[in-house]
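Keeping the supplied structure of chain A fixed, place chains B, C, D and E upon it in accordance with the hints.
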Amino acid sequence: MPKIGVVDTMFARVDMYPFVMEAFSDMGWAPEVVRRTVPGVKDMPVAALSLIEKDECDIVITLGMGGGADVDYTCVHEACTGLQGVMLKTGKHVIDVIVHRNEAKGEKEFLDICRDRAYKHAINAYWLIESPEELTKRAGTGERQGFGNEGSISP
Amino acid sequence: MPKIGVVDTMFARVDMYPFVMEAFSDMGWAPEVVRRTVPGVKDMPVAALSLIEKDECDIVITLGMGGGADVDYTCVHEACTGLQGVMLKTGKHVIDVIVHRNEAKGEKEFLDICRDRAYKHAINAYWLIESPEELTKRAGTGERQGFGNEGSISP
Amino acid sequence: MPKIGVVDTMFARVDMYPFVMEAFSDMGWAPEVVRRTVPGVKDMPVAALSLIEKDECDIVITLGMGGGADVDYTCVHEACTGLQGVMLKTGKHVIDVIVHRNEAKGEKEFLDICRDRAYKHAINAYWLIESPEELTKRAGTGERQGFGNEGSISP
Amino acid sequence: MPKIGVVDTMFARVDMYPFVMEAFSDMGWAPEVVRRTVPGVKDMPVAALSLIEKDECDIVITLGMGGGADVDYTCVHEACTGLQGVMLKTGKHVIDVIVHRNEAKGEKEFLDICRDRAYKHAINAYWLIESPEELTKRAGTGERQGFGNEGSISP
Amino acid sequence: MPKIGVVDTMFARVDMYPFVMEAFSDMGWAPEVVRRTVPGVKDMPVAALSLIEKDECDIVITLGMGGGADVDYTCVHEACTGLQGVMLKTGKHVIDVIVHRNEAKGEKEFLDICRDRAYKHAINAYWLIESPEELTKRAGTGERQGFGNEGSISP
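Chains as they are written, first to last, in our numbering: chain A, 1 to 155; chain B, 156 to 310; chain C, 311 to 465; chain D, 466 to 620; chain E, 621 to 775.
Incorrect hints may appear among the rest.
[Unchecked claim] Below, computed lysine to aspartate or glutamate pairings styled on EDC-like, alpha-carbon distance capped at 16 Å: (1) E:K757 with D:D480; (2) A:K89 with C:E363; (3) A:K137 with C:D325; (4) B:K244 with A:E53; (5) D:K554 with B:E208; (6) B:K292 with A:D15; (7) C:K399 with E:E673; (8) D:K602 with B:D170; (9) C:K447 with E:D635.
Bear in mind the hints are in silico, worked out from the structure with no lab data behind them.
Bound-form chain A, shown alone:
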């Protein structure tokens, strides 16, 4: 049975974990899931590393939120750079779901973005592990997470 790590944060204002589980369920997928919650995005990479190296997860999904200030973007950048380091060290995918606080104007729209992004990236994780050909079918088609797809520009 595949083993999936999920890292989320106390900082985020939306609990995105249920959207991941919903996506797995909708796919008819019941992998073993190990969840770790950390304070904020900069704590996610080492948690992801531990899920891969110690818990032997096959893939990790990180659910992070960035505030809207410049310094928040820098924190997210540091976290994402750290996640690249985790992937480089372990050879495993870490699907990085980041929502920036000011991507939406209102709370309802923000929640919708969180849900859509987490849900779709959970499906991406499923495909990476179980059906990589599903990803290739959609190559170059402008798939988006958090928003509607942009579609393909064809010759």
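Just chains B, C, D and E now, with coordinates in the frame of chain A:
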């Protein structure tokens, strides 16, 4: 007994170490604590590394302050990138408490931010070591350090 | 027979893989090609790593697209930093084809850039593996991918 | 006897090495000092690495100067990131003295900043090796190098 | 006999390799030189790595050119970060000659900058290998490559 490393700096204008010890005490926690003081934020990562690799600390808390100029933000960014490297190399959490000089207008407000951020992150360190389920209970609830919590956005 | 890895994304709005194959064909080159599709640019480095370390590819071409917002540039930067890490770890070239959404005004022009950049970089990959002297012949001549060459400035 | 590495550059417009030696002398400290001069700041990290790994220095002080243009700040950033890598790899402190050309308006003021920063950081290096408790005494007191101390903000 | 690697690019609009060879000749130096041409700056680090690890070069000179757009500066930054990684991994110097397209207004001036920077850095490489004391003689004297020296600011 858990062993906790604390790195602080001469550059900071507030001595944040007592806030960490106060938090541990309030939690009824009495781990072994090893403190290292370095000149500024860029010297923190190697001190944290040494606390983990040589002193065998289970977790490290770094207490750093950034000045308000552009070049100070870059220094903090370099320090934080270095801390990601420490976590990646050791697999241990480094809880990174950074306060930027211009987060507050007056000295009183600045001091309050320092106290709140250091205190709450010390509790986060405690939870990471002793009660990780406390973090998960608060996933997605908008917990902040340095300011009041922002709360959860729920469906 | 050389083995070439190609990584592309669902995020991209143009399927650049056929342009790579067209270039190989035009060169009369028929290497073994292994294709991996990932969600977006930040997922490319670990896919490239895997193609080199597990599939034993001699070189990898990544086909990525960035959106036009600031945060998209940061994502591309994180991906490219990750690709540097892959090259540093493996000692193999990863030819990094990136097209930014706002390099062109219209869709037709955008498609042309994608085609030209992917096609020419596929030839570069071919030269790196089979005829490195072709690259040296063109040293300092202002070769471009995606646009016309700029030419050499000679004494 | 402790062994101290000093890296400086031809690019810098001030020879900061004598200020380091003066500080050591004022401290009554006579460690073995190995000096390496490189072209500019981006060449400092590998020189520091070599001083630690091959010459077995206990600590390294780098004396760098940045020009005032944007591209110069980026070079300094790359150098500082490299120095973080050196510290992470070796576990040894590299005290990074950087002066930016436009921190001062006139040459006299610039020289004063260089002298003060190099002198004080040399003392910091001394304390790190010989008397780390001196650093801790000054934790959170707003110590500056290059300028006067800012002092502590106390409750 | 020392072995020198030179990496240059097709992207550059000036062939800087002859300036390197001219400098070596003017110094009366005839090391073994291994040249590798790559598409652009982001391909330079892995080529430099290979020259050091496989070809056993003692030092590498990279000759890169950046375009004038923001995204070009980012590419150069990624390349330079990669070169820091190469130096950190191998312990060998990589002398990084970068010319940005908009450092000059006209083509004649641009060519002069390229020539001067490549020529002088080739001499720096010679000094690093054969006469490091020549570098120390010039410590803090404001040596520039691409432009005239700025000179020393003395007490």
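Comparing the hints with the structure gives:
1. E:K757 with D:D480: holds (10 Å)
2. A:K89 with C:E363: holds (12 Å)
3. A:K137 with C:D325: OK: K137 (chain A) and D325 (chain C) at ~10 Å, within 16 Å.
4. B:K244 with A:E53: The given pair, whose Cα atoms are some 12 Å apart, holds under the 16 Å limit.
5. D:K554 with B:E208: Holds. K554 (chain D) to E208 (chain B) sits at ~12 Å (cutoff 16 Å).
6. B:K292 with A:D15: Judged against 16 Å, a Cα distance of about 10 Å means the pair holds.
7. C:K399 with E:E673: holds (12 Å)
8. D:K602 with B:D170: holds (10 Å)
9. C:K447 with E:D635: With a Cα-Cα distance of about 10 Å, the restraint between K447 (chain C) and D635 (chain E) holds, given a limit of 16 Å.
Of the numbered hints given earlier, the model fails none.
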